[in-house]
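What follows is the residue order along each chain.
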Amino acid sequence: MLLKVSDLRVSYRTDEGIVRAVEGVSFTLERRKTLAVVGESGSGKSTLALAIIGLLPRSVEVEGSIRFLDMELTGMKEEEIRKLRGDRITIVFQEPMTALNPVFTVGRFMKDIYLTHREGSEEDALSLAMEWLGKVKVPGPEKVLNSYPHELSGGMRQRVLIAASLMLEPDLVLMDEPTSALDVSVQAQILRLIAELKSQVSASFIFITHNLGVAAAVGDEIAVMYAGKLVELASKRNLFEEPLHPYTKGLMKAVPRIRGGGVEPIPGSVPSLVNPPKGCRFHPRCPIADERCREEEPELREIRPGHWVACHKVG
Amino acid sequence: MLRLELDPATRRTLRRATKNRNIRVGGAIVAIFVLMGLLAPFISPYDPTQGNLRDSLLPPCRKYPFGTDFAGRDILSRVIWGARTSLIVSTVSVFIAVIAGVIVGGLSAYVGGWLDEVVTRIMDIMLSFPDILLALFVAAIVGPGLENVIVAVALYNFPQFVRIMRGSALQVKEMEYVEAAKAIGESNASIFVRYLLPNSLAPIVVHATLRTAASILTAAGLSFLGLGVQPPIPEWGQMMSDARTYLVTAPHVWVFPGIALFVTVLGFNLLGDGLNDVLNPRTEV
Amino acid sequence: MSDLARYVVRRILLAIPTLLGVSVIVFLMIHMLPGDPAQLLAPPEATIQEVEIIRRRLGLDKPLWEQYLIFMSNAMKGEFGKSLFTGHTVSELLWPAYLNTLTLSVLAMGFGLVIGVLMGIYAALRPNTVRDQAVTSLSLFGISMPVFWLGLILIEIFSVWLRILPSGGSGTPRHLILPSLTLGLVGAAYVGRATRASMLEVLSQEYVRTAKAYGLPDRLVIYVYALRNALIPVITVAGLIFGYMMAGAVLTETVFSFPGLGRLIVNAIFARDYPIVQAGILVVATTFVAINTAVDILYAFINPRIRLG
Ligand SMILES: Nc1ncnc2c1ncn2[C@@H]1O[C@H](COP(=O)(O)OP(=O)(O)OP(=O)(O)O)[C@@H](O)[C@H]1O
Ligand SMILES: [Mg+2]
Numbered sequence: 001m002l003l004k005v006s007d008l009r010v011s012y013r014t015d016e017g018i019v020r021a022v023e024g025v026s027f028t029l030e031r032r033k034t035l036a037v038v039g040e041s042g043s044g045k046s047t048l049a050l051a052i053i054g055l056l057p058r059s060v061e062v063e064g065s066i067r068f069l070d071m072e073l074t075g076m077k078e079e080e081i082r083k084l085r086g087d088r089i090t091i092v093f094q095e096p097m098t099a100l101n102p103v104f105t106v107g108r109f110m111k112d113i114y115l116t117h118r119e120g121s122e123e124d125a126l127s128l129a130m131e132w133l134g135k136v137k138v139p140g141p142e143k144v145l146n147s148y149p150h151e152l153s154g155g156m157r158q159r160v161l162i163a164a165s166l167m168l169e170p171d172l173v174l175m176d177e178p179t180s181a182l183d184v185s186v187q188a189q190i191l192r193l194i195a196e197l198k199s200q201v202s203a204s205f206i207f208i209t210h211n212l213g214v215a216a217a218v219g220d221e222i223a224v225m226y227a228g229k230l231v232e233l234a235s236k237r238n239l240f241e242e243p244l245h246p247y248t249k250g251l252m253k254a255v256p257r258i259r260g261g262g263v264e265p266i267p268g269s270v271p272s273l274v275n276p277p278k279g280c281r282f283h284p285r286c287p288i289a290d291e292r293c294r295e296e297e298p299e300l301r302e303i304r305p306g307h308w309v310a311c312h313k314v315g
Numbered sequence: 001m002l003r004l005e006l007d008p009a010t011r012r013t014l015r016r017a018t019k020n021r022n023i024r025v026g027g028a029i030v031a032i033f034v035l036m037g038l039l040a041p042f043i044s045p046y047d048p049t050q051g052n053l054r055d056s057l058l059p060p061c062r063k064y065p066f067g068t069d070f071a072g073r074d075i076l077s078r079v080i081w082g083a084r085t086s087l088i089v090s091t092v093s094v095f096i097a098v099i100a101g102v103i104v105g106g107l108s109a110y111v112g113g114w115l116d117e118v119v120t121r122i123m124d125i126m127l128s129f130p131d132i133l134l135a136l137f138v139a140a141i142v143g144p145g146l147e148n149v150i151v152a153v154a155l156y157n158f159p160q161f162v163r164i165m166r167g168s169a170l171q172v173k174e175m176e177y178v179e180a181a182k183a184i185g186e187s188n189a190s191i192f193v194r195y196l197l198p199n200s201l202a203p204i205v206v207h208a209t210l211r212t213a214a215s216i217l218t219a220a221g222l223s224f225l226g227l228g229v230q231p232p233i234p235e236w237g238q239m240m241s242d243a244r245t246y247l248v249t250a251p252h253v254w255v256f257p258g259i260a261l262f263v264t265v266l267g268f269n270l271l272g273d274g275l276n277d278v279l280n281p282r283t284e285v
Numbered sequence: 001m002s003d004l005a006r007y008v009v010r011r012i013l014l015a016i017p018t019l020l021g022v023s024v025i026v027f028l029m030i031h032m033l034p035g036d037p038a039q040l041l042a043p044p045e046a047t048i049q050e051v052e053i054i055r056r057r058l059g060l061d062k063p064l065w066e067q068y069l070i071f072m073s074n075a076m077k078g079e080f081g082k083s084l085f086t087g088h089t090v091s092e093l094l095w096p097a098y099l100n101t102l103t104l105s106v107l108a109m110g111f112g113l114v115i116g117v118l119m120g121i122y123a124a125l126r127p128n129t130v131r132d133q134a135v136t137s138l139s140l141f142g143i144s145m146p147v148f149w150l151g152l153i154l155i156e157i158f159s160v161w162l163r164i165l166p167s168g169g170s171g172t173p174r175h176l177i178l179p180s181l182t183l184g185l186v187g188a189a190y191v192g193r194a195t196r197a198s199m200l201e202v203l204s205q206e207y208v209r210t211a212k213a214y215g216l217p218d219r220l221v222i223y224v225y226a227l228r229n230a231l232i233p234v235i236t237v238a239g240l241i242f243g244y245m246m247a248g249a250v251l252t253e254t255v256f257s258f259p260g261l262g263r264l265i266v267n268a269i270f271a272r273d274y275p276i277v278q279a280g281i282l283v284v285a286t287t288f289v290a291i292n293t294a295v296d297i298l299y300a301f302i303n304p305r306i307r308l309g
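Sequences listed follow chains A, B and C, in order. Quick note, in my numbering, the first sequence goes up one by one and the last residue is 315. Quick note, in my numbering, the second sequence goes up one by one and the last residue is 285. Quick note, in my numbering, the third sequence goes up one by one and the last residue is 309.
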């Protein structure tokens with residue numbers, strides 16, 4: 001087992017009150033597997049990723065446990081987790097346009113990453129960077145290496161960031177909606193690239209998306225998040241053959257399909273995380289909620305081997 | 001008709017303004033400065049221009065809280081009257097510069113074309129004389145004296161306001177409602193007053209406050225050099241002009257006018273910063 | 001030609017009309033003064049005949065545009081005629097004073113940049129804390145400080161009380177310390193404000209988060225990744241401040257009896273020695289335009305994005 005997250009809780013302090021962005025999330029991740037995390041905007045997906053890689057501001061409260069390899073990441077000293085970042089754990093963000101430093105070339109950035117984490121010469125760094133730029137299929141790796149970010153398109157920049165995230169052969173790669181900011185045609189290319197690279201490296205992936213279709217394309221396992229909670233967790237096959245949580249079912253109806261069946265968005269929106277609804281957080285939008293759902297919070301239970309769900313109405 | 005209810009946005013801005021610490025402190029200093037200038041004849045203990053040579057260069061004492069200068073004049077009274085001089089020079093020169101800047105900058109942006117080109121070039125040229133140098137240059141031509149300092153400082157402020165007005169007028173000019181107003185045949189003058197001016201008000205108010213601070217410093221600098229307000233008119237910079245002579249023997253001669261000058265400029269800068277925070281919220285951290 | 005080279009050439013060409021404008025204004029000074037230029041340029045005791053001779057010798061009987069051409073061709077050679085009273089040529093007085101002022105400004109600038117940038121970073125790293133407020137207040141104090149008053153205070157402290165530094169004059173490096181400190185402190189206030197603002201802005205940018213996300217050490221993230229971006233606007237401010245220093249030197253030099261260009265100009269204004277006034281003002285303004293042009297070019301080197309524009 002590579003990663004074991006248990007009862008993770010993250011809360012932001014804001015003027016409006018305490019935002020409980022992640023509330024008791026638990027899951028495990030095996031080597032070479034991909035977990036796709038799906039949920040609407042504001043469900044706490046990015047917060048989860050930032051908590052794992054230790055990038056939340058110091059003022060943010062993180063409780064629970066994140067075991068990675070043999071280390072406990074919550075409460076780890078900044079200097080120690082810094083050494084893991086970029087080396088053992090990497091992340092690709094949503095917005096490639098602003099994620100690269102405008103005054104440095106791609107090569108400089110990749111070189112700095114290498115030299116931070118490895119003993120080696122600048123030549124080693126640049127040749128490795130070049131190799132990886134080749135693997136992410138940028139046209140003319142040498143030219144890209146000497147380019148400034150503004151000279152590259154969004155898709156190209158995201159390829160650069162993917163190369164940077166894989167270059168040092170990390171154990172865990174977090175991808176936070178890496179294609180959402182791109183053109184639709186480019187999205188498909190990048191998704192294909194990621195699928196291809198996954199088979200070539202030994203890393204595990206956590207792939208965050210709000211699109212269940214995308215999750216199905218990349219994930220071995222799929223975790224569905226709602227309002228800071230994990231509501232369903234299953235292998236891709238189980239989830240698609242037999243979605244159990246009403247929210248997951250709703251999401252499936254909301255996925256645009258190529259043939260037939262219009263999109264049916266789930267009515268209502270993600271509740272405030274300052275004052276979440278009592279009982280099951282989904283009950284105000286749930287078509288089958290009853291008295292118990294309004295009062296009692298459902299636990300995440302393993303209904304069948306490997307298929308977890310948090311709903312009173314299941315099983 | 002005077003409307004007493006304010007729209008919610010204005011009320012929100014006002015509330016934020018009254019809570020802003022920079023505005024409070026700066027506003028209080030500015031208010032004291034203005035009051036000192038206005039009430040000088042009533043609050044100053046002595047005639048600022050009449051000295052008693054037997055009391056020359058007295059250190060601060062009960063009779064003269066800030067001491068006296070070489071001519072035996074009461075420094076406290078001269079500091080109080082100096083506020084009046086600074087008040088006149090800075091407000092009049094900034095006022096002139098704002099009016100001229102709004103007209104020239106607004107026209108330049110609104111008319112565009114070669115006029116805009118020429119105005120921009122001339123402003124670039126004027127701005128090539130850094131800081132006090134432009135005022136110094138003008139003072140060299142027109143000579144010293146209160147009115148001439150006003151002219152020099154106004155000219156030094158003028159290009160700044162042209163730039164600001166031009167910048168915000170250029171933005172507004174392209175707005176749909178201005179196009180619409182033009183299309184329905186609203187006159188240029190009316191468009192200017194109804195759209196261009198209100199939109200530029202916030203940056204101009206902020207900048208006018210900050211430029212008042214700079215103008216007080218510049219005018220005092222000119223007077224310090226002997227190229228500004230001439231004795232016996234009390235002026236803070238001019239009061240310090242022979243400070244070197246009194247470094248050892250009578251530092252009070254230059255310390256008190258300096259404090260007055262510094263605190264006043266600080267007040268305007270605080271007020272300007274505070275107004276900027278409130279009126280241009282995007283620059284807030 | 002590369003984008004960068006093209007930009008550099010264009011930027012330099014852009015400065016030329018501005019400089020021409022400046023020279024026209026300075027040239028016209030003598031004609032804007034009340035009275036007859038020839039009379040103004042003649043020694044006070046000159047007879048009518050002597051004034052006429054001067055008029056012809058200086059070409060003041062020629063049309064204005066021709067006079068301007070003569071003025072300019074001389075100025076290009078660094079010649080500004082003779083001082084009306086001292087018997088020296090203007091250049092003899094001008095260049096040593098200019099050198100002094102330049103030394104003073106460069107020292108002050110170095111001082112202001114180092115202190116200002118450090119102060120700005122220091123504040124921006126802990127926004128809205130006591131130390132940030134301290135830096136912010138100090139900068140505002142510096143900006144509000146009459147530079148001549150600050151100079152007097154420093155003299156009082158270091159020359160009158162502590163007796164460790166000369167209160168004025170020139171000749172040794174020690175004479176440069178107080179004047180450059182005076183100007184530098186004010187400069188530091190401006191630089192500090194600009195650095196703080198732009199550092200705060202940059203630290204909230206995504207690429208800084210990316211750098212942290214890849215484990216780059218803090219000193220690399222802050223002092224290279226963030227600072228490099230944060231300094232871009234500061235450089236522009238620094239160019240303006242250098243101009244402020246050249247001009248502010250007028251006051252500082254007076255306080256410290258420092259034989260620089262500022263004092264030369266002011267004394268010449270009092271003496272109505274107009275060729276010196278003209279030359280001095282032209283030289284300061286030209287330096288200022290040159291510095292700003294250089295700053296814009298430097299800007300392009302540091303910021304790859306604007307080369308295209
Ligand atoms: N720095 C922060 N301070 C305060 N609240 C925050 C902060 N970051 C996120 N939140 C809040 O935490 C909740 C979860 O946000 P998060 O960004 O993790 O959601 P997400 O699922 O990634 O959404 P999206 O799909 O929009 O990226 C939201 O309610 C958001 O407003
Ligand atoms: Mg997100």
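Worth flagging that the hints you see were computed from the coordinates, not collected in a lab. A quick note: this is a predicted structure, and the numbers were derived from the prediction, not measured. Careful: at least some of the hints might be erroneous.
Sample of chain C residues lacking proximity to chain B, with all beta carbon distances greater than 10 Å (derived) [unchecked claim]:
| hint | residue |
| --- | --- |
| 1 | Val8 |
| 2 | Arg10 |
| 3 | Arg126 |
| 4 | Ile232 |
| 5 | Pro233 |
| 6 | Thr254 |
Rough simulated footprint, nothing fancy, chain C against chain B, three-plus residues with beta-carbon under 8 Å [stated by the list, open to error]:
| hint | segment |
| --- | --- |
| 7 | 43–49 |
| 8 | 66–76 |
| 9 | 102–112 |
| 10 | 189–203 |
| 11 | 207–221 |
Don't be surprised by glycine CBs; every beta carbon is placed ideally from N, CA and C.
Hints violated by the structure (listed by number, smallest first): Per hint list: 6, 7, 8, 9 and 10 violated.
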